[in-house]
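*Asks:* Let's have the full structure, built from the sequences with the hints guiding it.
Here this note's numbering is used: the first residue of the sequence shown is 26, the next is one more, and so on.
These are calculated hints, taken from the structure and not from any lab test.
Here the structure is a predicted model, which is why all the values come from computation and not from measurement.
Be careful, since some hints might not be right.
Claimed, not checked - EDC-like mimics (lysine to aspartate or glutamate), calculated; alpha carbons at most 20 Å apart, straight line:
1. 104 - 150
2. 173 - 150
3. 167 - 82
4. 90 - 163
5. 94 - 112
6. 182 - 82
7. 104 - 115
8. 173 - 163
9. 134 - 163
10. 104 - 72
11. 104 - 127
Stated by the list, open to error - Ranges between beta-carbon positions, derived for each pair:
12. 117 - 64: 32 to 38 Å
13. 125 - 94: 33 to 39 Å
14. 69 - 108: 28 to 34 Å
15. 108 - 181: 31 to 37 Å
16. 124 - 174: 20 to 26 Å
17. 159 - 90: 19 to 25 Å
18. 111 - 177: 31 to 37 Å
19. 117 - 89: 32 to 38 Å
20. 117 - 97: 28 to 34 Å
21. 126 - 63: 28 to 34 Å
Glycine included, every Cβ here is placed at the ideal spot set by N, Cα and C.
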Amino acid sequence: MAMKRVLACLLAAALVAAGGVGASMLAPREAGAALVKVKTCGGGTIELNAYEKRVLEFHNRARNKHGLKTLCVNVALTKAARAHSQEMLDKDYASHNSFSGETVGGRLKRFGYTSSGCSYYLIGENIAWGCGSRGAPDYIFKWWMNSKYHRSNILNKNSER
Numbered sequence: 026m027a028m029k030r031v032l033a034c035l036l037a038a039a040l041v042a043a044g045g046v047g048a049s050m051l052a053p054r055e056a057g058a059a060l061v062k063v064k065t066c067g068g069g070t071i072e073l074n075a076y077e078k079r080v081l082e083f084h085n086r087a088r089n090k091h092g093l094k095t096l097c098v099n100v101a102l103t104k105a106a107r108a109h110s111q112e113m114l115d116k117d118y119a120s121h122n123s124f125s126g127e128t129v130g131g132r133l134k135r136f137g138y139t140s141s142g143c144s145y146y147l148i149g150e151n152i153a154w155g156c157g158s159r160g161a162p163d164y165i166f167k168w169w170m171n172s173k174y175h176r177s178n179i180l181n182k183n184s185e186r
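*Replies:* Quick look at the structure:
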């Protein structure tokens, strides 16, 4: 039964910290689904699926609308978000902590994220899941923006460092 949900649903995780974003949008694999290369915070490139790219675009559009600097893609944050999303799908749960209880800060350290002098308390993580149209990036981002806590993560001016 859980496998059917995995195949029919999408899980989103977005981590925002120190001017970077890591986004994961895991969804059923579509034949020939294209990956898009985008620039990373470090000047390299990373491949994002179409959903991940939309989440990045939504974040930056919302931040621009509120006079905030745009975010770049942080490789370590993206790896951490993707791994956590996959674990939540595989183990059929939703939580900011891992299935074993590892915290967001612990996960970020494990994936090599360094805070560049800022506190791990300045990191925001938004997670969501949905099926069908409620699993689309547009729907999830709108839901995040209508949630006081999630919205504050997205529009945190301290993420501009």
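*Asks:* Give a verdict on every hint.
*Replies:* Evaluation of the provided hints:
no. : hint                  : in the structure
1   : 104 - 150             : holds, 14 Å
2   : 173 - 150             : holds, 13 Å
3   : 167 - 82              : holds, 13 Å
4   : 90 - 163              : holds, 17 Å
5   : 94 - 112              : violated, 31 Å
6   : 182 - 82              : holds, 17 Å
7   : 104 - 115             : holds, 16 Å
8   : 173 - 163             : holds, 17 Å
9   : 134 - 163             : violated, 30 Å
10  : 104 - 72              : holds, 11 Å
11  : 104 - 127             : holds, 16 Å
12  : 117 - 64: 32 to 38 Å  : holds, 35 Å
13  : 125 - 94: 33 to 39 Å  : holds, 35 Å
14  : 69 - 108: 28 to 34 Å  : violated, 19 Å
15  : 108 - 181: 31 to 37 Å : violated, 23 Å
16  : 124 - 174: 20 to 26 Å : holds, 22 Å
17  : 159 - 90: 19 to 25 Å  : holds, 24 Å
18  : 111 - 177: 31 to 37 Å : violated, 26 Å
19  : 117 - 89: 32 to 38 Å  : holds, 37 Å
20  : 117 - 97: 28 to 34 Å  : holds, 33 Å
21  : 126 - 63: 28 to 34 Å  : holds, 33 Å
Of the numbered hints listed earlier, those contradicted by the structure are 5, 9, 14, 15, 18.
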